[in-house]
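Based on the sequences and whatever the hints tell you, model everything.
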Amino acid sequence: MHILYICADWDVDVLGQAGSSVHVRQICKAFVSLGHQVTLCCVNAQGHAALPERLQLHTFAPRLRLRERLGPWLRGVRTDTDKSPVQPPGVDSSRLAGPLRSVGTALECVVRRIRLWQFRRMVLGALGDRTVDLVYERASLFSLAGPKLARVLGAPSIVEFNTAFAIELPERGRLFRKAIVGWEGELLLSCDAALCVSAQLADHLADKHPSAASKLHFVPNGVDPEQFDPKIASSSLRSRLGLGNKTVVGFVGSMKAWHDLTTVISAIEMAGTDVADLCLLAVGEGPRRGEFERQAQLCGVDAVFVGAVEHEQIPKYISVMDIAVAPHPQSATFYFSPIKVFEYMCMARPVVASNIGQLQEAIEDGVTGILVALEDPAVLAEAIVVLAQSPILRQRLGQAAYDWVSRSRTWKKTAEQVLSMAERLMA
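Numbered per the working numbering, the sequence shown spans residues 28 to 454.
I should point out that these hints are in silico values taken from the structure, not numbers from a laboratory. Computed from a predicted structure; not experimentally measured. Glycine included, C-beta positions come from ideal geometry on N, C-alpha and C. It cannot be assumed that every hint is accurate.
Stated by the list, open to error - Calculated cross-link-like contacts (lysine to aspartate or glutamate; reagent style EDC-like; alpha-carbon spacing at most 16 Å): (1) K440 - D430; (2) K273 - D234; (3) K235 - E253; (4) K283 - E195.
Unchecked claim - Quick list of the computed label-pair ranges, beta carbon to beta carbon: (5) D403 - T158: 29 to 35 Å; (6) D304 - S217: 41 to 47 Å; (7) P314 - G74: 16 to 22 Å; (8) K258 - K440: 19 to 25 Å; (9) S263 - T360: 38 to 44 Å; (10) T158 - A88: 23 to 29 Å.
In structure tokens, the structure reads:
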């Protein structure tokens, strides 16, 4: 089968280190490992990650002078209307906010649609006369590239949803959210099937677009067992980081609003009264890193923040963790599929995770990990103390986690579900 994979999101560097980038590469790698040919067409490939030999990559970055000229103004309209560069002197900016946002939204939608039209033409040019059996698109804001290309190529179209765009982008205003919901509906009507990385995301989209509910399917993220192998060990890294014989509580993530390291740091401070030599190892970069580092210093928590590392190096960092944490704050719309939790589990590490969303399905409390109440440092501290004092429990939970994830949550398993759906569409 020849699969055309489309990623028209300028914020996703398919060769980069972000979770979205890893997701694109891993699902493509899984398709290739199952014997299929994959052509990956994207608009951003500036990183240096390796791709499978049998995968063809085409990068198109259509540009518009309009976009380049209006870009700064559009950003000003969206995020800081009070200081908009087009605000006339002496005019109350609050009265201009609504009209400016409306104009900015309309212009941005038009510009994105034109660029995506250019992108589709470039993709068709690169394909030439080659036959395509499946068009698979990672949903990208305002893109209908996958379904439109599928119609031209005479192939079924599958769209993959990884996020709820209208929730992720609330700062852009009501009209922008309305435009997003309209685009989601159009995309769902145009495609043959839509995959969601969590049941919560599928439910959210079904609520917004009930007429397309039958097209929505839950297909979770996965992990690569060849890359995340519990046999990996890195004593040199433990030494280089100054961890010695400390009990390491580890976290891997982007340090954004949905990661609650605040509770983790408070919990480690509490647990330190019962367990000596506790240390936090935080791997990743993000807007809240400075806040977390300051909190650790103020609380007197021994913490090592290493910043962003290449995804290929993540297994080594997880290998030096004694306890892995996946902390999240209270949220009415937690729709994530936690790749990092699957990676912890595949490295046979005992996981302590917040009792929310897909984490409740991925972790059987007391069997494949420990689930704790959200934003409750005392409960998290208790779990850390229990695990820190019981190497046997850590080993048992870690082994059970590995057994489950290596059987149920691999990228190969994800790819097989996608291909099974594609075969039904082609029948």
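Hint-by-hint comparison with the structure:
Taking the CA atoms of K440 and D430, the gap is near 14 Å; set against the 16 Å cutoff, the hint holds. Straight-line distance between C-alpha atoms of K273 and D234 comes to about 48 Å, which puts the hinted pair past the 16 Å bound. Of the pairs offered as hints, the one joining K235 and E253 is violated, with about 39 Å between alpha carbons and a cut-off of 16 Å exceeded. This hinted pair checks out: K283 and E195 have alpha carbons roughly 12 Å apart, not beyond 16 Å.
Remark: the range hint 29 to 35 Å for D403 to T158 is contradicted by a beta-carbon distance near 56 Å. The beta-carbon spacing between D304 and S217, approximately 57 Å, falls outside the hinted interval of 41 to 47 Å. Judged by the Cβ atoms, the range 16 to 22 Å given for P314 and G74 holds: they are separated by roughly 20 Å. For K258 and K440, the hinted distance range of 19 to 25 Å is satisfied, since their beta carbons lie about 21 Å from each other.
The hinted range of 38 to 44 Å is satisfied by S263 and T360, whose Cβ atoms lie roughly 42 Å apart. For the pair T158 and A88, the supplied restraint of 23 to 29 Å holds, since their beta-carbon distance comes to about 26 Å.
Taken one by one, the earlier hints fail for this structure at numbers 2, 3, 5, 6, listed in ascending order.
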